[in-house]
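> Build the full structure now, drawing on both the sequences and the hints.
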Amino acid sequence: MGSFNKLDQNAGDNSTNVQAGNDVVINKYGLEFKDVKEIVELLFDKNFPKLQEKALKQAEEHVQLFYTQFETKLREKADKVDVEKLSEPDIQADLNDAIKGAARKGEKGNLDLLAELLTKRLEVGTTEIVSMMASESLNAVQHLNIRQIQFLTFLFGIKHFHFVMDTTAESLDAGKRLILRDLDLVREIGITDIQVLEFYGLIKYSEVIMEDLTLENIRRKYEIFSNIPKDSFKQYLRGVCPSFYSYLEIYENKAGGNIALTPVGKIVAIAFFNKIQNYYKETPERWIH
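Here full-length UniProt numbering is used: the first residue of the sequence shown is 1, the next is one more, and so on.
Don't read these hints as lab results, they were simulated from the structure. Treat the hints with caution; some may be incorrect.
[Unchecked claim] Each pair of labels, with its calculated beta carbon distance range:
1) K221 x K37: 19 to 29 Å
2) K108 x N258: 22 to 32 Å
3) E61 x I146: 15 to 25 Å
4) I209 x Q58: 32 to 42 Å
5) N258 x E38: 12 to 22 Å
6) E61 x A169: 45 to 55 Å
7) P242 x I146: 25 to 35 Å
8) G239 x L185: 26 to 36 Å
9) Y205 x K57: 16 to 26 Å
A virtual CB, placed ideally from N, CA and C, is assigned to each residue, including glycine.
Shown next as structure tokens:
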């Protein structure tokens, strides 16, 4: 990436002024996409000035992977993002943390989700609370494995996501199968995974046996189930929505009723939810307010 330990540029009106020394300071007047790569390089050089050649090359490759995904996200949402937000100290700090995580862990650091969550902070329509939760999630997501991320998304798909339009039992079953079918690793979730997710503030777990209202909430959300008695609904669902019911069994086996997604957990779950399928897109603002 070259040496950027000392870089000083004069900036006129409507120009970019980027300086890197002991600190990285970015004063922006009309930031553009082309400036983002320079900022990433500056922050990388600031954080990893003394790596050995082999380690430096690997770290550079990791950061390039992150930058490529970040740039792709920015261009996909070009009409929604305000790149000038990168001049804000808290967002620059998040970018700095993302670069450090990417350099150390590469693809194991979930670079695609890092890019998605960082881009969410730059979107014009992002609410303050969602932006805060996206910021909090950037550190957590670097430490998760794919099984744990799938489990967050699985919980979201079972406990929260529902189709807003009236539907038939058959279409509900097909829809749930569509959004949950690629989350097979949740079958392997163990207590250590639960502890990791709780440690990073993504879930709240209670060992106390609680009344789980998930089934009742499903019954109430869909008009097609309005005449089905509460006591017989589970067995009824097994008959008319066999695929959905099979996922509910996994949910029960993993004590899903004792687990609540935090706002940080929801934003990670939604980011992955939107990644794995193109049929139903969710916005964090719907669930975090």
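> Each hint needs a verdict: does it hold in this structure or not?
Consistency of the hints with the structure:
1. K221 x K37: 19 to 29 Å: violated (45 Å)
2. K108 x N258: 22 to 32 Å: Distance hint for K108, N258 holds at roughly 29 Å.
3. E61 x I146: 15 to 25 Å: holds (21 Å)
4. I209 x Q58: 32 to 42 Å: Violated, since I209 and Q58 (Cβ atoms, about 48 Å apart) do not stay within the stated range.
5. N258 x E38: 12 to 22 Å: Violated, at about 48 Å.
6. E61 x A169: 45 to 55 Å: holds (50 Å)
7. P242 x I146: 25 to 35 Å: holds (27 Å)
8. G239 x L185: 26 to 36 Å: Roughly 28 Å apart at Cβ, these two residues keep to the hinted range, so it holds.
9. Y205 x K57: 16 to 26 Å: This hint is violated: roughly 41 Å between Cβ atoms.
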